[in-house]
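So you can see what is in the structure, the chains are spelled out below.
There are 2 protein chains.
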Amino acid sequence: MNFDYTLYLVTDSTLCPREELPAVVEQAIVGGVTVVQLREKDCSSRVFYETARRVQEVTRRHSVPLLINDRLDIALAVDADGLHIGQSDLPAAVARRILGDGKLLGVSAGTVEEARQAVADGADYLGIGAIFPTDTKEDADAVGVEGLRQIRAAVDVPIVGIGGLKEHNLPLLQGAGMDGIAVVSAIVGQQDPRGAAQQLCRALEGVLRT
Amino acid sequence: MNFDYTLYLVTDSTLCPREELPAVVEQAIVGGVTVVQLREKDCSSRVFYETARRVQEVTRRHSVPLLINDRLDIALAVDADGLHIGQSDLPAAVARRILGDGKLLGVSAGTVEEARQAVADGADYLGIGAIFPTDTKEDADAVGVEGLRQIRAAVDVPIVGIGGLKEHNLPLLQGAGMDGIAVVSAIVGQQDPRGAAQQLCRALEGVLRT
Chain A
18 MNFDYTLYLV TDSTLCPREE LPAVVEQAIV GGVTVVQLRE KDCSSRVFYE TARRVQEVTR
78 RHSVPLLIND RLDIALAVDA DGLHIGQSDL PAAVARRILG DGKLLGVSAG TVEEARQAVA
138 DGADYLGIGA IFPTDTKEDA DAVGVEGLRQ IRAAVDVPIV GIGGLKEHNL PLLQGAGMDG
198 IAVVSAIVGQ QDPRGAAQQL CRALEGVLRT
Chain B
18 MNFDYTLYLV TDSTLCPREE LPAVVEQAIV GGVTVVQLRE KDCSSRVFYE TARRVQEVTR
78 RHSVPLLIND RLDIALAVDA DGLHIGQSDL PAAVARRILG DGKLLGVSAG TVEEARQAVA
138 DGADYLGIGA IFPTDTKEDA DAVGVEGLRQ IRAAVDVPIV GIGGLKEHNL PLLQGAGMDG
198 IAVVSAIVGQ QDPRGAAQQL CRALEGVLRT
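Protein chains in written order, with my numbering: chain A, 18 to 227; chain B, 18 to 227.
Be careful, since some hints might not be right.
What the hints assert, rightly or not - Subject to a maximum C-alpha distance of 20 Å in a straight line, what follows is the list of computed SDA-like cross-link-like pairs (lysine to any residue):
| # | chain 1 | residue 1 | chain 2 | residue 2 |
| --- | --- | --- | --- | --- |
| 1 | B | Lys58 | A | Arg56 |
| 2 | A | Lys58 | B | Cys60 |
| 3 | B | Lys58 | A | Asp59 |
| 4 | B | Lys58 | A | Pro108 |
| 5 | B | Lys58 | B | Pro108 |
As the list claims (entries may be wrong) - FRET-style restraints, in silico, Cβ to Cβ:
| # | chain 1 | residue 1 | chain 2 | residue 2 | range |
| --- | --- | --- | --- | --- | --- |
| 6 | B | Gly161 | A | Ser61 | 37 to 47 Å |
| 7 | B | Arg35 | A | Glu67 | 57 to 67 Å |
| 8 | A | Ala170 | B | Ala137 | 25 to 35 Å |
| 9 | B | Glu130 | A | Glu67 | 13 to 23 Å |
| 10 | B | Ser105 | A | Ala40 | 33 to 43 Å |
| 11 | B | Glu67 | A | Arg166 | 31 to 41 Å |
Because the hints were derived from the structure by calculation, they are not lab data. For each residue, glycine too, the CB sits at the ideal point set by N, CA and C.
Next comes chain A alone, as it looks inside the complex:
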């Protein structure tokens, strides 16, 4: 599988009601989003499953990969393109074993040690963050541009920066070796998700690893 990580959308049902999510995701894809991660907390497995199916209807129509956050069972149930897990989720090696090699596995890492371990455990790409302080994840310690460079130097897999990334601070990340950026509120919290995605794409020119 060849994934384009350029503009990676992570959903958040506290910023966008679930019933509006398919439409918002579609607008974001039209605006330039290249991969979608469905993240749901505080809902039943049934609601997660049904939301994933509705969002997948959109991502498939636009040939954009859909990844599921945390819940390997939901990823399997809807035959998603992959799974993204954090350090509080299933161990990456266990997730890799159950998921099989045909699906994408992403792992969140905030340090060089976590990044190396994730790759050893089978991660296809890393979500590195929070790059800058953010309101979405309260407990996230910022990695910063220097931390990002160190992780980039330590591992070979694609790296997606996440956390506090906005149009205005993307130029700070030029040359840091990211393969893409992941955003939550910069798209799903916006009145015009399509326009927001378009502006982020423009702001990304020259920032990512080529």
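Since the structure of chain A is already known, use the hints to place chain B on it.
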């Protein structure tokens, strides 16, 4: 697989701290519990996984099956003996497909219609309840003894009654066709889980289907 549903323990970390769970489960097994369902809400996937591994160390040592509540991914990750799902969890047919035929699938049902659908979807047994009103599940409408009889008449698979079952009300269920009873607070909320299980076993004499 031949399962003995006689005394089916469902855990609850609000009644028993997770670190004490393996010891409490062990005492309950020594007292007569024949199957254990690990139910965790409001914890990370990692904590659920690690708790399951610790409880499984006990259940395997005593050759008692361990089922996981709701989370098919945790069941797969620890290679549990099966999965128990409710009406707000993954659809039973989807769970059955991913779980495979070698594992036990239990489904909660509160009506004849839910019970028939669950069996059609591949349930190996049904958890029927709440039989009597209970504090553990706030939204549970009581099925009652008559409801239990109707479900018993409608399906062939083993039936485990759950919800509000205590030593003193078990005689009311004689002849209703249950294969076992599931309890939460009647064991995990007790100071002496082993003694509580023993007393429940005694009170079950003549109550279950033979």
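Going through the hints against the structure:
Proximity of lysine 58/B to arginine 56/A is assessed by CA-CA distance (about 17 Å); at most 20 Å being required, the pair is judged to hold. In summary, the hint linking lysine 58/A to cysteine 60/B is supported, as the alpha carbons are separated by about 11 Å, within the 20 Å threshold. With a C-alpha separation of about 10 Å, the suggested pairing of lysine 58/B with aspartate 59/A holds against the 20 Å cut-off. For a cut-off of 20 Å, the pair hint linking lysine 58/B to proline 108/A stands: about 19 Å separates their Cα positions.
A hinted pair counts as satisfied when its Cα atoms are at most 20 Å apart, and lysine 58/B with proline 108/B qualifies at roughly 19 Å. Checked against the hint of 37 to 47 Å, the C-beta distance between glycine 161/B and serine 61/A comes to roughly 25 Å, which is inconsistent with it. At roughly 30 Å, the beta carbons of arginine 35/B and glutamate 67/A sit outside the given window of 57 to 67 Å. Taking 25 to 35 Å as the suggested C-beta distance range, the pair alanine 170/A and alanine 137/B does not conform, at roughly 56 Å.
Between glutamate 130/B and glutamate 67/A the beta carbons are some 20 Å apart, a value that agrees with the proposed interval 13 to 23 Å. Remark: the range hint 33 to 43 Å for serine 105/B to alanine 40/A is contradicted by a beta-carbon distance near 25 Å. Checked against the given bound of 31 to 41 Å, the beta carbons of glutamate 67/B and arginine 166/A, roughly 33 Å apart, stay inside it.
When the structure is compared with the earlier hints, violations turn up for hints 6, 7, 8 and 10 and for no others.
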